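Work the whole structure out from these sequences, hints included.
Chains L and G are the protein sequences, given in the same order.
Each residue of the first sequence is one higher than the last, beginning at 2 in the working numbering.
Each residue of the second sequence is one higher than the last, beginning at 1194 in the working numbering.
Take the hints with a grain of salt, since some may be wrong.
[What the hints assert, rightly or not] Derived DEER-like restraints, expressed as beta-carbon distance ranges:
id	chain 1	residue 1	chain 2	residue 2	range
1	G	TYR1485	L	PRO96	30 to 36 Å
2	G	ARG1711	L	GLY44	44 to 50 Å
3	G	ALA1667	L	PRO90	43 to 49 Å
4	L	ARG49	G	PRO1648	40 to 46 Å
5	G	ARG1247	L	VAL97	41 to 47 Å
6	G	LEU1543	L	GLY141	18 to 24 Å
Don't read these hints as lab results, they were simulated from the structure.
This one's a predicted model, so the numbers in the text were calculated from it and none came from an experiment.
Each residue gets a CB set at the ideal place from its N, CA and C atoms; glycine is no exception.
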Amino acid sequence: MNHTAERYERFFLIISGVFLAGFLVLLAYTSIHMKIMLPGRVGVIEPRPGEPLAAAVFRTAPFNHLGVKKIGPDDYEAVYFAQAWAFFPRQIEVPVGARIKFIATSVDVTHGFFIAGTRVNMMLLPGQISEETYTFRKPGKYLLICHEYCGLLHHMMHAWVIVK
Amino acid sequence: MSTPIVAAPEGFSLPDDQRRLIKWTIYLGFIVLAFGVLNGLDQALNYAHIDVFRFFPGMRTYYQGLTTHGVFNAIIMTFAFANGFVALTVARGFGSKLNSGLLWASFITILVGTVLTAWAIVSGKASVLYTFYAPLEASWPFYLGLALVVISTWITSLNLFVTLAKYRREHPGQRIPLLSYMGVVTYVFWDIASLGIAIEVVVFLLPWSLGLLKGTDPLVDRTLFWFTGHPIVYFWLLPIYISWYGMIPRQVNGALFSDSAVRIVFLLFLILIPVGFHHQYLDPGVPRSLKYVIAVLTFGVFVPSLMTAFSVMYALEIGGRRAGGSGLIGWFFRIPWKDPSVCAQVLAMLAFMLGGITGLMNASYSMNLEIHNTTFVPGHFHLTVGTAVALSIMGIAYWLVPYLEQKELWSRKAGLVSSWLYFIGVLIFARGMISGGLAGMPRRTAISLIDYPEPHAWKLAGILIGIGGSLMFAGVVVFFVIVAATVLVGKRVEIADIPYSVTLARPQTAGWELGLDRLRYWIAAAVVLIVIIYGPFLASQFPLRLNIPGFVAF
Chain L
2 MNHTAERYER FFLIISGVFL AGFLVLLAYT SIHMKIMLPG RVGVIEPRPG EPLAAAVFRT
62 APFNHLGVKK IGPDDYEAVY FAQAWAFFPR QIEVPVGARI KFIATSVDVT HGFFIAGTRV
122 NMMLLPGQIS EETYTFRKPG KYLLICHEYC GLLHHMMHAW VIVK
Chain G
1194 MSTPIVAAPE GFSLPDDQRR LIKWTIYLGF IVLAFGVLNG LDQALNYAHI DVFRFFPGMR
1254 TYYQGLTTHG VFNAIIMTFA FANGFVALTV ARGFGSKLNS GLLWASFITI LVGTVLTAWA
1314 IVSGKASVLY TFYAPLEASW PFYLGLALVV ISTWITSLNL FVTLAKYRRE HPGQRIPLLS
1374 YMGVVTYVFW DIASLGIAIE VVVFLLPWSL GLLKGTDPLV DRTLFWFTGH PIVYFWLLPI
1434 YISWYGMIPR QVNGALFSDS AVRIVFLLFL ILIPVGFHHQ YLDPGVPRSL KYVIAVLTFG
1494 VFVPSLMTAF SVMYALEIGG RRAGGSGLIG WFFRIPWKDP SVCAQVLAML AFMLGGITGL
1554 MNASYSMNLE IHNTTFVPGH FHLTVGTAVA LSIMGIAYWL VPYLEQKELW SRKAGLVSSW
1614 LYFIGVLIFA RGMISGGLAG MPRRTAISLI DYPEPHAWKL AGILIGIGGS LMFAGVVVFF
1674 VIVAATVLVG KRVEIADIPY SVTLARPQTA GWELGLDRLR YWIAAAVVLI VIIYGPFLAS
1734 QFPLRLNIPG FVAF
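See the structure below:
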C-alpha cells in the first residue's frame, strides 16, 4: 500500500511539475514575445533639503508640462501627477490606435493608476516615476481610478481618458 | 501496524496552568475575530451599495472599519491562534510540558499589543489599513502594538526551541516527533520571515511616528513590508497544515502515508521565503529582473501545496474506503461529513483549491496587470486566509474548545450549519469579487460612496458580494454561539487527549531522512537564498532617502 502511494505521489508531482513549467513558459511568451511588460526602474525625484516634494515634482521634467504631447507619428506621451484625491489633468483626449506612454508620479502618498478595462495598471510612489505604454483599440470614455487606499476621500479619486 | 506519529503514545496532558494560558491566548484570537468579522459585514454590504458602517460602534469611516477588519482578522487573530495551537501541538508531540514563564510572557505581550493597536484604530488615528503603507502615518500606539504582537510570536518560538532542546537532551539520537517538527519549523520559518516587517516597524515607522525621524522612503518600507507580507500567508496556513496532516487523518479514520513527505513540505516553505513579489509587480523603482526571479520562485512554492493536496487527499481516501466507500470518488462521500470538525476543514480544503488557482493567476507576471489591486485580489484571499485558514480554525475549535474546557461540544448539528453557511457564502462572495475585479472594480474602496457613474459590470458583482458576505457572517455568528454555549453551558466530560494522526510507516532511524531534522543547515540555506535575492536590491537603496513626510488625512 505504501509503495503504491509513493508511485502515485511521484506521478502526481510530475504532472504538477509539467503544469508549472508550462505556466512559466507561457509567462515568458507573454512578456518576451507579446511584450507585455511590468513597470520597471524609471527614475526618482529628489527634493532639495527643505524643499516640498510637490515643488521638486513640478521642476522635474517631464512633470513641468502636464498632459498629452505628440512625440512621434503615432506616439504620444501623457504626463500626470496624482495628489490626494485627484489626478491632473482631469481629462485627456488621445487617438485610437496610437501608442500612449503614461508617465506619472505622486506628490504625497502612494496612489494607484488604473484605467478600468485595460492593462494600464501601476503604482505611484512619492519620489518615484512610473511609466507604462498602451494602445487603445476601441474609442470610448475610459475611467482612470486610484486603486490604492490614499486617505479619507480615496473613493472619489478618478479622471477620464477620451479615446477618439 | 500503525505507528503513532507523536512520541508519547501512552498519553500526556499539559499542566492546568499551561492549558489555561493556551486557552486564553486562543480565546483572545476569537474575541478579536468577533470584532473583525462584524466589520467584514459592513464591508460586504458596502459593495452592494448599503452604507451601514457609520452606525457601527466606534467606527466613523469605511476605511477605519477596513483597518479593523484586516488587522484584527488577518494579523492578531491568526497570530493568537498560532501561538496557542502550535504551542499545544508541539508540547503534545514531545510529550513534554512547556516553559510557563514564556507562555505567560507571550500571552501578556500579545494582549498589550492588541489593546494598543485597537485603541489607535478605534480612536481614528490609525485608519491606514493592515498594510500601513508609509507615508500614511498612524499614531505610535498602532506601530508599538503591532510590534508587540509580532514579538509575542517570537516569545512563543523561544518556548518551542527550549522545549526542543530539552527533548534532544533527554532523547539523544531520536527523531523529532512529526507533530512537534511541523510546529517548530513553522516558527523557525516565521522568525526569519518576520524580520522584514520588524525592521520596517521598529527601525523606521515607530521612530517616525514619535517624531524622531523626519520622513520615510516609501519604496524601502514597501519592500520590507512585502518581504514578510507574502510569507505571512504561510504563517497563517502552516498551523492549518498541522491540523490537516496531524489531526484530520485520525479524525476521518485514515492515515498519513509518509512521514518524510510532510517534513519536506515544511522545509520547502522554510527555504522558499523570498516569494510573492506580485504585491510589488507594479511598483516603480524595482528592476524587472528582480520581479521575474521571484515570480519563478513563487511558482516553486506551489510544489509543497500540491504535495499537501496529495497527502491529505490520500489520507481522506483511506478513511473513506475503510468506511465502505468505493469507486474513483465514492470514498469522498463516506468520510465523516456529520463531524463538524471534519466537515468544516474539508470544505476549507475545497475552497483552498480555488484559492490556489487564483493565487497562481495573481503571481503570473504579465496577467497581474489585469487584476492588480482590483477586487479579484480579496476574492482570492477570502478563499485562502478567509476560508482555508478561517474555516479550518473554526473546524479545529470544534474539538479544541471541548478539549481545553473539558466540556462537550454544545451542538454538532449547529457546527454543520455554520460550516455550510460559511462555505456557500464564500463561494458567492468570491464569485462577485473575482468577476468585479476582472471588470476593473478597485479593492479597498468605498464603492457605496463613489462620485462617478458605476460601470455596469460592477453592479451584479457588488450584489453577489453583499449576499455572500452576509451568509459568511451568519456562519460565523452560529460558530460564536456554539463556542459561547460550550464554554458556558457545555456538559462536563473528560477528554484525555487531542486527536493526533498515525503514519503508515514508522519514521526512518537511519539514512538520508535524518538530514531533515538537522534544522540549522536548512536555516542556513534559507538565509543564503534571501541574501542572494534581496541583497543587491536593498544594497542599491543606500544611502536611504528618508525624505517623504507623513500624511494623516484619514
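Here's how the hints hold up against the structure:
1. G:TYR1485 <-> L:PRO96: 30 to 36 Å: 33 Å, holds
2. G:ARG1711 <-> L:GLY44: 44 to 50 Å: Between G:ARG1711 and L:GLY44, where Cβ atoms are some 47 Å apart, the hint holds.
3. G:ALA1667 <-> L:PRO90: 43 to 49 Å: 47 Å, holds
4. L:ARG49 <-> G:PRO1648: 40 to 46 Å: Given about 43 Å between the Cβ atoms, the range holds.
5. G:ARG1247 <-> L:VAL97: 41 to 47 Å: Holds, since G:ARG1247 and L:VAL97 (Cβ atoms, about 43 Å apart) stay within the stated range.
6. G:LEU1543 <-> L:GLY141: 18 to 24 Å: Violated, since G:LEU1543 and L:GLY141 (Cβ atoms, about 40 Å apart) do not stay within the stated range.
In this structure, only the earlier hint numbered 6 is contradicted, and the remaining ones agree with it.
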